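A.B. asks: Below are the chains, spelled out letter by letter.
Protein chains: 2
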Amino acid sequence: MIIDCHGHYTTAPAPLAQFRDRQLARLIDPAIAKPVRELSISDDQLRESLQKQLTFQRERGTDLTIFSPRAGGMSHHSGTEHTSVEWTQVCNDLIHRVVQLYPSNFVGVCQLPQSPGVSPANCIEELERCVTELGFIGCNINPDPTDGYWTDPPLTDRYWYPLYEKMVELDVPGMVHVSCSCNPNFHAVGAHYLNGDTAAFMQFLQSKLFQDFPTLRFVIPHGGGAVPYHWGRYRGIALDLKLPPLEELLLNNVYFDTCVYHQPGIDLLSEVIPADNILFASEMVGAVRGIDPLTGHYFDDTKRYLDHLPLSSEDKDKIFYKNALKVYPRLEKVLAEREIAS
Amino acid sequence: MIIDCHGHYTTAPAPLAQFRDRQLARLIDPAIAKPVRELSISDDQLRESLQKQLTFQRERGTDLTIFSPRAGGMSHHSGTEHTSVEWTQVCNDLIHRVVQLYPSNFVGVCQLPQSPGVSPANCIEELERCVTELGFIGCNINPDPTDGYWTDPPLTDRYWYPLYEKMVELDVPGMVHVSCSCNPNFHAVGAHYLNGDTAAFMQFLQSKLFQDFPTLRFVIPHGGGAVPYHWGRYRGIALDLKLPPLEELLLNNVYFDTCVYHQPGIDLLSEVIPADNILFASEMVGAVRGIDPLTGHYFDDTKRYLDHLPLSSEDKDKIFYKNALKVYPRLEKVLAEREIAS
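Respectively, the protein sequence lines represent chains G and E. All residue numbers in the first sequence are consecutive under my numbering, ending with 342. All residue numbers in the second sequence are consecutive under my numbering, ending with 1342.
For reference, chain G alone in the conformation it holds in the complex (with noise of 0.2 Å):
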């Protein structure tokens, strides 16, 4: 089994955007009728959304994603925290039709209601109601809900921790994953979403969150950012620090995903970072999308370069699916009781 951790709906049809404008026009014109909650797309038209994903998938070789809204329109700076609630649970619960729709191909983790200068304490029961109500098994945790200025508390602020209690609760994860960004010196994929995740990466380091919650687990994606290329420097850093190694500190709570997209990247991340600390990810359809002129393949086909790597039959096991039963241990559940239904 290959599980990809990491797929954002970012083909969902057209009514969901028109939700969004709808509901953003009218933060600036109230006349404008409220959109509906509930948006007129049938299930065939959000199967004819998928099959892109379903495609790549099969071609791939790939079988499970774990999927959740587009993280470029969770754009939590926008409007108010009630804006981002009711955007966050239409989106949500999209995820949760996709997955009713295809339940071996997705498995859902949800957007969270975040919005600038609000406590993620209002994270927690959307959290609840996508975990213990549609069966999804984490989520994503937008470090800078500001979306470029990074005004809010950093991640390992106490400020946090009433959504942490709830992961820890639930036993879900959260991948550490920036939205789009207003700010003009961040392109939001070239550099918002690096820099978020070098930025999560530093501030763990230099935290004691998780001497706070031993359980709690964060996925760091897009290869980590830039600390995998930087090991040498977080381990002098952590050492200066008087800390203990990197391992010890951090990789009981902290993973790296494979979206990273060429061959020496992926080398790299393979040779510093333990293999127990890997999941398997694409971000397929995502932030690149053609075809890489050098090798003749998707640059997000990520399987392809793994497969290169001279890594033992157990060490791929884990990278490919067993990391993500461990980080996300509410799969397997969801996954047996597919078995069942099928």
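Be careful, since some hints might not be right.
To be verified - Simulated crosslink set (EDC-like; lysine to aspartate or glutamate; CA at most 20 Å straight-line):
| hint | chain 1 | residue 1 | chain 2 | residue 2 |
| --- | --- | --- | --- | --- |
| 1 | E | LYS1303 | E | GLU1059 |
| 2 | E | LYS1052 | G | ASP240 |
| 3 | E | LYS1242 | G | ASP292 |
| 4 | G | LYS242 | E | ASP1292 |
| 5 | G | LYS52 | E | ASP1240 |
| 6 | G | LYS322 | G | GLU332 |
| 7 | E | LYS1316 | E | ASP1063 |
| 8 | E | LYS1303 | E | ASP1267 |
| 9 | E | LYS1316 | E | ASP1267 |
| 10 | G | LYS303 | G | ASP276 |
| 11 | E | LYS1333 | E | ASP1063 |
| 12 | G | LYS316 | G | ASP276 |
To be verified - Covered stretches of chain E, going by a simulated chain G footprint (3 or more residues, C-beta under 8 Å):
| hint | stretch |
| --- | --- |
| 13 | 1214-1226 |
| 14 | 1230-1240 |
| 15 | 1254-1262 |
| 16 | 1268-1280 |
These are calculated hints, taken from the structure and not from any lab test. These numbers come from a predicted model, not from an experiment. A virtual CB, placed ideally from N, CA and C, is assigned to each residue, including glycine.
Chain G is already provided as a structure; the job is to place chain E on it using the hints.
C.D. replies: Chain E alone, transformed into the frame defined by chain G:
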């Protein structure tokens, strides 16, 4: 010859910090006496403060360090534009004294008197003074004078063009180097540094800056932040944006240093970035000061990692000094003058 293109004066004698403390204290309490610009630091104190750098040069087998004021100390967000001008002159003058004392070991690169919201045109005078009067060969450019909140325009905005015009006229490159971070989300050397590098590269990628300034040159330090690790992502993004290949788009103007503190990182850097675009650097004495328990050598002894690479002697010469002479054309003249003087 081996040229280290990235060293900061992190070991300056105490009167420099005392000047700064007094300068900033006066902003709050104008009754405090104005500090004297001529620091009471003797030549012997300067020599004493540089023993570590000189010892490392000797032990590691490097010859010349391109030397600039401490990056974290620039702290451009502090005080007013005037504060920044005064502090910058004091810092640059001290570098000039270092270079005069050890002309075979150091050559100067200047800090600029940047200030949030102030046009970089205000940097022209100090750049000109440092280059034409003090013999400096380049400058450090802080892409985020707010030191962590990124509210000034990107490096590719016309806002910066007056400074670039002067850099082109003087034929000096800029190292893109953030300063400290006053944003608790960003640890300085563990996040803000690398994120600044990554953000700047992506700004260049999506701009027409080098069409407007074909001879403008930037060095991106710390091995280019996350960029080489994600070289496939950037090639893919350029392709999606219908841009030419990165080599053609950027590599006549953008260079990477080798401040990556472990062998796998340097291996990747040299695998994906052409030797023509890599400049040897260590940033000693800097961000990471310890000895790697895995190797028994200093993390920042980057020459060791490069010595292990299977590069041709031609490529090694480029990385160790030829590229530096190309990127910093004034260096050759400065060295020749010193040769005559000695």
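A.B. asks: For every hint, state whether the structure bears it out.
C.D. replies: Checked hints:
1. LYS1303/E - GLU1059/E: holds, 11 Å
2. LYS1052/E - ASP240/G: holds, 18 Å
3. LYS1242/E - ASP292/G: Holds, at roughly 13 Å.
4. LYS242/G - ASP1292/E: holds, 13 Å
5. LYS52/G - ASP1240/E: holds, 18 Å
6. LYS322/G - GLU332/G: holds, 10 Å
7. LYS1316/E - ASP1063/E: Holds, at roughly 15 Å.
8. LYS1303/E - ASP1267/E: holds, 12 Å
9. LYS1316/E - ASP1267/E: holds, 13 Å
10. LYS303/G - ASP276/G: holds, 17 Å
11. LYS1333/E - ASP1063/E: holds, 17 Å
12. LYS316/G - ASP276/G: Holds - the C-alpha atoms of ASP276/G and LYS316/G are around 10 Å apart, at most 20 Å.
13. 1214-1226: holds (count 4)
14. 1230-1240: Contact hint for the stretch 1230-1240 of chain E vs chain G: holds, 10 residues under 8 Å.
15. 1254-1262: holds (count 3)
16. 1268-1280: Holds, because 3 residues of the stretch 1268-1280 of chain E bring their Cβ atoms closer than 8 Å to Cβ atoms of chain G.
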